Amino acid sequence: MAPHLVQPTPPLPASAGIGLRAPHHASVLADSPDVAWFEAHSENYFADGGAHVECLSRIRERYPLSLHGVGLSLGSTDPLNAQHLARLKRAVERFAPALVSEHLSWSSVKGRFANDLLPLPYTEEALRHVSRRIAAAQDALGRQLLIENVSSYVSYRCSSLTEWEFLAGVAVESGCGILLDLNNIYVSAHNHGFACVDYLEGIPVDAVQEFHLAGHTRIDAGGESLLIDTHGAPVSDAVWDLYRHALRRFGARPTLIEWDTDIPSLEVLTAEARRADALEAALHDLAA
Amino acid sequence: MTSLHELQSRLLDALLSGSAEPADSASANVAAALPLIDAPGPAAAARLAVYRQTVHSNVAAALRSTYPAVWRLVGEDYFRKVAREFIIRHPSECGDLTPVGALFPAYLARLHDHDEYAYLADVARFEWLIQEALLCLEPPPFDLARLRLVAPAAYDALRFVLHPALRLFESRYPVRRIWESNVGAAEPESIDLAVGGERLALLQRRLQLHFHALTTGEWCWLEALAAGEPFAASVETAMASDDAFDAVAALRRFVSIGAIVDF
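Protein sequences appear in the order of chains U and Z. In terms of the working numbering, the first sequence opens at residue 1 and continues consecutively. In terms of the working numbering, the second sequence opens at residue 1001 and continues consecutively.
Think of the hints as simulated: they come from the structure by calculation, not from any bench. It cannot be assumed that every hint is accurate.
[To be verified] A few chain U residues that don't get close to chain Z, going by computed Cβ distances all over 10 Å:
#1 Pro23
#2 Ala47
#3 Gly49
#4 Ala98
#5 Ala114
#6 Asp116
#7 Leu118
#8 His129
#9 Cys158
#10 Ile219
#11 Gly222
#12 His245
#13 Val268
#14 Ala271
#15 Leu279
#16 Ala288
[Said to hold, decoys possible] Here chain U is said to cover these stretches of chain Z; the calculated rule only asks that three of the stretch's residues, wherever they fall, bring their Cβ under 8 Å from a Cβ of chain U:
#17 1010-1016
#18 1045-1054
#19 1091-1104
#20 1144-1157
Source: prediction; values computed, not measured. Backbone N, C-alpha and C define an ideal beta-carbon position, used for all residues, glycine too.
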């Protein structure tokens, strides 16, 4: 019953995978659906044992896997949380994922956690700080991290860099790879008034190792329209267009369909993954 | 210029304090954070409120996942209200939300100290122990052949090891029945609190949860074993509170149900 160490996975295929969520554990194990790879939230598998850890061990035997963390709080000015890092390291050793990713954000200070992905101010100070922390986390884990751009609803008066300058700078300074979430770019572009294309053009091609695709919703916030990264809807047409643009600039990469609220059936998710694969194949044929 | 640390401190104070209602933009902590945000005042407040709602609903969702019976007993509206007040007093101290509800039973106990909902805290305590048990690793099965090699004279000094997913629970309310009635698909049954409580051992084995009713002697004995007492001392502890305690029968019972896994 104890989870056992597995051999390191081969690289994720440059095709569409699905975010693994607990309601789908049983059907993935029972039906072995045709999915290229799965990505799991690291923290959901931090426990010593139990059903989730057991399920992921068995799923990992059949599918390539990526671990995606939401809680390391890399941008925080607190000391790096040694206990969280140790648990992440144990999960990485236990499941031997192809990729390990975290977010370009912070969620804690003075020992208190918001458990949300809060944006950093895009300043030289924050760039140096978060780069040092990512480098330290990579040293502790003994491997490269991919860092994902977050969606955001606030920007700060003190920011002096664009988000893409900041992300590109962090990749250079820390040696991390980039997980480019195209829905997050679209959401933040709407909320802060920048052009998605400028963002993509500002990111170095070689640094990008994975894409995320997800759905968002629109709300009225104090009289202005805000896009909220709910991960609770199909990928929007505008984000599919942005994915096409990203494929042309960066080429095919492992691409994740993320869905976290009002989680639909696995069939809905596999249909979204097939759509991503078809889009990549069509662009590939055009280029050939 | 605002340092990164100061910016983070002011933002988090605004997100974790006061009410989570969007209209509550007047609190001092929110007011202190608004100038950091690159938007006119009302827009900045509305944008900050998006984060405040997310922070509070993430915690409420985590608490609901840990405490499904408490949630069903009190209903969504009251649960969200209590969750919001709880997290303001006991902010998360971890990047993983699994431990966020550790103090929730004690919080409910203070909230409903002497009213008709006093049993809620015990239901919550029961659910917390269930979550703990469900996240434990299954140890290798007890090696009885090894025990047979121990000389009888050495039994008294043996320290038996309990299964890591074993939890002891006691309440003056019929908590197991309340819990079972409120986590299934069926309509909850009406339960008379006056029927009283029981002492239980909760045990997760191979991903299945088991409940075992305990006599007073068994309860005291398992508590003594959990405290690391050697066999002879643990039997004395049990017999001090229960003349009828039968150590051999207890050992046989708790090895056979998998509650004792090593020595």
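| said: If I take the minimum Cβ distance from Cys158/U to any residue of chain Z, is it greater than 10 Å? | reply: The claim breaks: Cys158/U does not keep its Cβ more than 10 Å from every Cβ of chain Z (closest is about 6 Å).
| task | Please settle this one: Ala98/U was flagged as non-interface, so is its CB more than 10 Å from every CB on chain Z? | result | 22 Å, holds
| said: Beyond 10 Å on every Cβ pair: is that true for Ala271/U relative to chain Z? | reply: Per Cβ check, Ala271/U is outside 10 Å of chain Z; nearest 27 Å; holds.
| said: Please check whether the stretch 1045-1054 of chain Z has three or more residues whose CB lies within less than 8 Å of a CB on chain U. | reply: holds (count 8)
| request: Could you check that no beta carbon of chain Z comes within 10 Å of the beta carbon of Pro23/U? | output: 12 Å, holds
| Non-interface claim for Ala47/U versus chain Z (Cβ beyond 10 Å) | 4 Å, violated
| field | Coverage of the stretch 1091-1104 of chain Z by chain U (three or more Cβ within 8 Å) | value | Check passed, 9 qualifying residues.
| query | How does the coverage statement for the stretch 1144-1157 of chain Z fare against chain U, requiring three or more residues with Cβ below 8 Å from a Cβ of that chain? | reply | Per the Cβ count (0), the hint is violated.
| query | Are three or more residues of the stretch 1010-1016 of chain Z within 8 Å, CB to CB, of chain U? | reply | Contact hint for the stretch 1010-1016 of chain Z vs chain U: holds, 4 residues under 8 Å.
| Should the label of Val268/U as a non-interface residue stand, given a Cβ cut-off of 10 Å to chain Z? | Correct as stated: the minimum Cβ-Cβ distance to chain Z is 21 Å, above 10 Å.
| request: Just double-check Ala114/U for me: nearest Cβ-Cβ distance to chain Z has to come out over 10 Å. | output: Given a closest Cβ separation of 5 Å, the condition is violated.
| message | Beyond 10 Å on every Cβ pair: is that true for His245/U relative to chain Z? | response | Given that every Cβ of chain Z is farther than 10 Å from that of His245/U, nearest at about 27 Å, it holds.
Checked against the numbered hints given earlier, the structure breaks hints 2, 3, 5, 6, 7, 8, 9, 10, 11 and 20 and satisfies all the rest.
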